[in-house]
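Asker: Just so you know, the protein sequences line up as chains A and B, in that order.
Residue numbers 1 to 223, in the numbering used here, belong to the letters of the first sequence in order.
Residue numbers 1 to 161, in the numbering used here, belong to the letters of the second sequence in order.
Don't read these hints as lab results, they were simulated from the structure.
Please note that a few of the clues may not be correct.
What the hints assert, rightly or not - FRET-style restraints, in silico, Cβ to Cβ: (1) Gly-58(B) - Ile-182(A): 49 to 55 Å; (2) Thr-104(B) - Asn-189(A): 32 to 38 Å; (3) Thr-136(B) - Glu-122(A): 53 to 59 Å; (4) Asn-153(B) - Asn-144(A): 41 to 47 Å; (5) Glu-122(A) - Asn-153(B): 35 to 41 Å; (6) Tyr-116(A) - Ser-144(B): 54 to 60 Å; (7) Asn-127(B) - Asn-185(A): 25 to 31 Å; (8) Thr-92(B) - Asn-144(A): 48 to 54 Å; (9) Asn-126(A) - Asp-71(B): 41 to 47 Å; (10) Asn-127(B) - Asp-203(A): 37 to 43 Å; (11) Asp-39(B) - Pro-138(A): 32 to 38 Å.
Said to hold, decoys possible - Listing some non-contacts, in silico: residues in chain A with all C-beta distances to chain B over 10 Å: (12) Thr-48; (13) Tyr-116; (14) Asn-133; (15) Ile-142; (16) Lys-223.
In this text, a Cβ means the ideal position worked out from N, Cα and C, and glycines have one as well.
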Amino acid sequence: MVFTLGFSQEKNAAMPKVNLDSIVYKTAYGLRLGIDISKPIIGAFSDTYNGYEVVGDYRISKNFYLAAEIGFEKATTIEDYTNSTSKGSYLRIGFNYNNFENWLDMNNEIFTGVRYGLGIFEQRLNSYTPNANSTYFPSQSIENPMSESGLMAHWTELLLGIKVETFKNVFVSASVSYKILISVNDQKNFKSLSAPGFNRIFDSGTGFGFNYTLSYLIPFSKK
Amino acid sequence: MKRVSVLLLLCLAIFYNCEKDDFCTKNPVTPMLVLRLYDATNRDTIKSAKFLSIWAEGKDTISGYQSVTKDSIAIPLNSLTSETVYHFKINTLEGNLANNQIETFTIQYAPVHEFVSRSCGYRVLFNEVTFSSNNTWIQEFTPSTLTTIDNQNAAHVKIYH
């Protein structure tokens, strides 16, 4: 921070070049685009999950990045008495703040971030067994799917993560997020047990998520 | 320092939200039919039925209701049909088959499935309930209809015998 201040002061004052006793290490500014590689891998091994996510961020100052993710998720929730699937697209938009002071011209990050999330999805109740809690008159599973589309979920997110530049302009990032639901639509006579981009909706209206992404920086300038 | 505090905040948030909705703590989810037995002459007095056995039409005796003395009965309704026929047997002496008095009590209803929660799933409510009886040892009961059975906090039917 002291570095930038010194630097900008020098520029603004348009003073003749003075010999600073240090070298200014410039880092790249630009658009970083990538994909979440954890979601297709989980999808390949899981019968109940499919998901894809594209991530991007744009550096706006030394430590601030505008960030957004868009994705598609289909998740089946199997509970004792219900089996339901939510399927749809989502968008998360917000910013990241880098807390990490880099050495030299390194460009790694330990970041915190906030997001606003919006998911539009279809919820389908695949089957259910009424909880008659009676062994004398056992209930039967009802395979009569009902679905409702055009449901929406809004939420906010707090993120914590790291980004490491492994090769020039190639970044590997891992982050966890804590989600707080603002609102969600429920299917008639049912409840949205999970929402795309939000994952499982806990009773308290909260959720968790994680990302493992691989991204490439398209550098626009160096500052 | 800032980093540590953010981490702490996140941890706190995670632990704060470790409330579980994995277990259904609501019991029972689907209400049972509750009957209370009263004296037919002294109508405010509870009167137990002796050597009471209960079974539904075409089924075995319900465990817990095999020749017992009870003044209150909680029995399940068949959620797959719109009618449950119960037989209530009482006696004056154990094993004296000749003195068996068997009452046929029929409950008719419209079962409705209502979503409760993730862990409890759906419960069954019984609407438009009608009771009927062949009046052997039960002299009277009230009420004969109910709009809904959606809980079992209190007796649904008072039986006088």
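Asker: Taking the hints in turn, state whether each one holds.
Answerer: Here is what the structure says about each hint:
no.: 1; hint: Gly-58(B) - Ile-182(A): 49 to 55 Å; in the structure: holds (53 Å)
no.: 2; hint: Thr-104(B) - Asn-189(A): 32 to 38 Å; in the structure: holds (35 Å)
no.: 3; hint: Thr-136(B) - Glu-122(A): 53 to 59 Å; in the structure: holds (56 Å)
no.: 4; hint: Asn-153(B) - Asn-144(A): 41 to 47 Å; in the structure: violated (31 Å)
no.: 5; hint: Glu-122(A) - Asn-153(B): 35 to 41 Å; in the structure: holds (38 Å)
no.: 6; hint: Tyr-116(A) - Ser-144(B): 54 to 60 Å; in the structure: holds (57 Å)
no.: 7; hint: Asn-127(B) - Asn-185(A): 25 to 31 Å; in the structure: holds (27 Å)
no.: 8; hint: Thr-92(B) - Asn-144(A): 48 to 54 Å; in the structure: holds (50 Å)
no.: 9; hint: Asn-126(A) - Asp-71(B): 41 to 47 Å; in the structure: holds (45 Å)
no.: 10; hint: Asn-127(B) - Asp-203(A): 37 to 43 Å; in the structure: violated (28 Å)
no.: 11; hint: Asp-39(B) - Pro-138(A): 32 to 38 Å; in the structure: holds (36 Å)
no.: 12; hint: Thr-48; in the structure: holds (15 Å)
no.: 13; hint: Tyr-116; in the structure: holds (18 Å)
no.: 14; hint: Asn-133; in the structure: violated (5 Å)
no.: 15; hint: Ile-142; in the structure: violated (8 Å)
no.: 16; hint: Lys-223; in the structure: holds (23 Å)
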